[in-house]
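Participant: Same order as they appear, the protein sequences are chains A and R. Numbering-wise (our numbering), the first sequence opens with residue 1 and increments by one. Numbering-wise (our numbering), the second sequence opens with residue 1001 and increments by one.
Hint data in this document are derived by calculation from the structure and do not stem from the laboratory.
What the simulated footprint calls covered on chain R by chain A, stretch by stretch (three residues with Cβ under 8 Å from a Cβ of chain A suffice, anywhere in the stretch; the number is not a length):
1. 1079 to 1093
2. 1098 to 1108
3. 1113 to 1126
4. 1227 to 1233
5. 1259 to 1270
6. 1273 to 1283
Note that the Cβ used here is the ideal one computed from N, Cα and C, for glycine as well.
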Amino acid sequence: MAAIAQASAVRAASHNGMVAATVVMASLLAIAPFVGFYPVFLMKALCFALFACAFNLLLGFGGLLSFGHAMFLGTAGYVCAYTAKQFGLTPELAILAGTAASAALGVVVGALAIRRQGIYFAMITLAIAQMMYFFYVQAPFTHGEDGIQGVPRGHLFGLIDLGEPLAMYYTVVVVFVAAFALILRIIHSPFGQVLKAIRENEPRTVSLGYDADRYKLLAFVLSATLSGLAGALKAIVFQLASLTDVYWTMSGEVVLMTLLGGMGTIFGPVIGAFVFISLETYLARFGEWFTIITGAIFVVCVLAFRRGIVGELAAWWSARRR
Amino acid sequence: MQALFGQLLIGLINGAFYAMLSLGLAVIFGLLNIINFAHGALYMMGAFCAWFLLNHGIGGVALGYWPSLVIAPIAVGIFGVIIERTMLARLYKLDHLYGLLLTFGLALVIQGLFRNEFGSSGMPYQIPEVLAGGVNLGFMFLPIYRAWVIVASLLICLGTWFVIERTKLGSYLRAATENPALVQAFGVNVPRMITLTFGFGVGLAALAGVMAAPIYQVNPLMGADLIIVVFAIVVIGGMGSILGAILTGFGLGIIEGLTKYFYPEASSTVIFVIMVIVLLVRPAGLFGKER
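Chain R with its partners taken away, still in its complex shape:
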């Protein structure tokens, strides 16, 4: 039983990261029609940002986990905005596949530069003191940091959902997804909105990276294989709905965790197998609509 709950917890943690990453991908795709292949690399940059702030700091002052949670997403978000303005913005009139190819190239460059600088071995990142330790729930031992990651990512995901589905700003965003020309005619600065949306999605990836730093090792390739799993999750969920992306992320994390307990050999492939089944039964994805 202990092992089952342990794997369930790991599944939930992975699910939290899947959800945050696929949410960012879905938000970006909705407005930019671009699948951001560099999402995994930007997630990695978030983790490295936190590591750098802790070990080198700004102006000699080491900054810990909490400031990193704010600084890293903003820093990486600004990086994303620069990429969007200088490169992606030139591609909107072309086939969507070019966006995929460009971001794939960017992912190679970013990951290559980090590997060149930091090597491919992982670097540890200390869990902040407040969140260290754990509680014994009777049926299992729950590390506090992991509980925090699950709760925090749920809050972040639901907050994003709320902003997009329930606020005025979100309604502009959804309208621009449907028909950017019309929204622009109403006086909304759509290009700026696109830029900020990309920055936000990228920031979300970096935030996930900071939260992942104490759990996984900080490693230049930590996002490389992860992004492919997240792509499969996006195909399973369909990119039609924000809530769908969140649910699919968590759900598949849990399924992966359960597979690790019941049939470990299949744990690395189970998500892909589910993707194949979903494609056969519901090609548009569980929450998607054909467009």
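Same shape as in the complex, but just chain A:
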């Protein structure tokens, strides 16, 4: 993808700079509830930011557009909510169970989907996600339209009561920052470099002796696992797992967050998720207009704004320095 290549060329900032920026982001998140931000809003935005970062790992760095990522968010949510509610697992174990379920699903779906490329890859992931959606509609344990409600937040490690809003908030922040740091590490690792090489020119990477399919599958599974982490965390925060999280609109939303923030950039998906969730919060009362505006943003991003917010800023910054 030309725009991504450009963006990553522009994004010449060093690894150290990124680590510093991550520390700044973590500190901002730590003080955010005390400067007037509503913790529930922040937690929602952080869950989606993690989801978008996981998605961006696959699209921005692997060049694979999955149109079915909601299945990982939703599956982890359901498993986490079910194990927490029915088996009384502590939140950290329920989240682990949900994440593991998404990882397993990621292995199966990834192995199937990487058999085709480009547009077919998108259609296959979308179709499999729709199949999972129908499965969850019919499976009795999901309670269909109602979803799994009243999931207990429980006590983290049996000690910290997550019913306290701030305890829950800081748990989310810690999980998010840890996962974000992991993604940063993955991107800058030799694995991440090979992944980018595959994105730019797969045949050449293969000719250098790399097994492209193995790298793509691993990237897919990592992305699915981290998406699952986001979904499981979200189920604990909102004490709810519902069909919304597995429906195709959710898969579309995560694409939009990534596109809007800047795909192939490190912080783009986080910015995209915060902007999107703010829009959703403020436009909720306008009903159908939210969908229309979402669609319009898609169109504008694709036509005129392909680098996204962070990508455009980075381009502007490097043009100014030259």
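On the provided structure of chain A, position chain R as indicated by the hints.
Facilitator: Leaving out everything else, chain R in the frame of chain A:
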């Protein structure tokens, strides 16, 4: 037995729509290299166009089913041409995924606008009088309208196949699919051909929408879930051949109908399961070639 034939008939009807929609997708993909996510929304627009013509008409004259069959595809086709000229044409030099993203956004906008205007409940559309009623075949009752849909869509699909595979115009089209630069060098106006092809594919979706209006309710979201099934069908068939798209469409409709009879729980997922199996056995699709 009655129920089995009933489900088979429903399967054939669904198959007729799958075939028409996947045919349009395949024709568009062949030339534009774009997967049109808005195809379902345009199908819905076709149905609404027919509904509007019947209930409001043009200049106070209500227009029924038959004029709608002509007017709706042309109107929606023109809409498609405008989209192609103003938006899609800017994306041809970019990665194909951008076309998918753009049309996804368009689908959201179109469906959102219609829902905002008409709500999400369906609106009925009367079967035209000539085609009302049915005949008793002895082993089952066959509503005439449904028989008409199957026959008409078969004719439309085969007609499209004939035009693309057997006429001069079709040969230009196939040549442009292979190598647009060379065809343009021979003096064919390829950009105009691309525009008209997109208009044609979109018109086909709208035509399917008009034919669907009396069977399903006219509803802003009638194409939203359908398009995902059609995507799976396109993956199963592979987009290499026109005849393949038609056969896969009808075939999977019938399989879905049979599943509804023998194992109803799986009827909504069977097509996706088949897609998974096909991917394992023949990744390029039943009629596709790896490219």
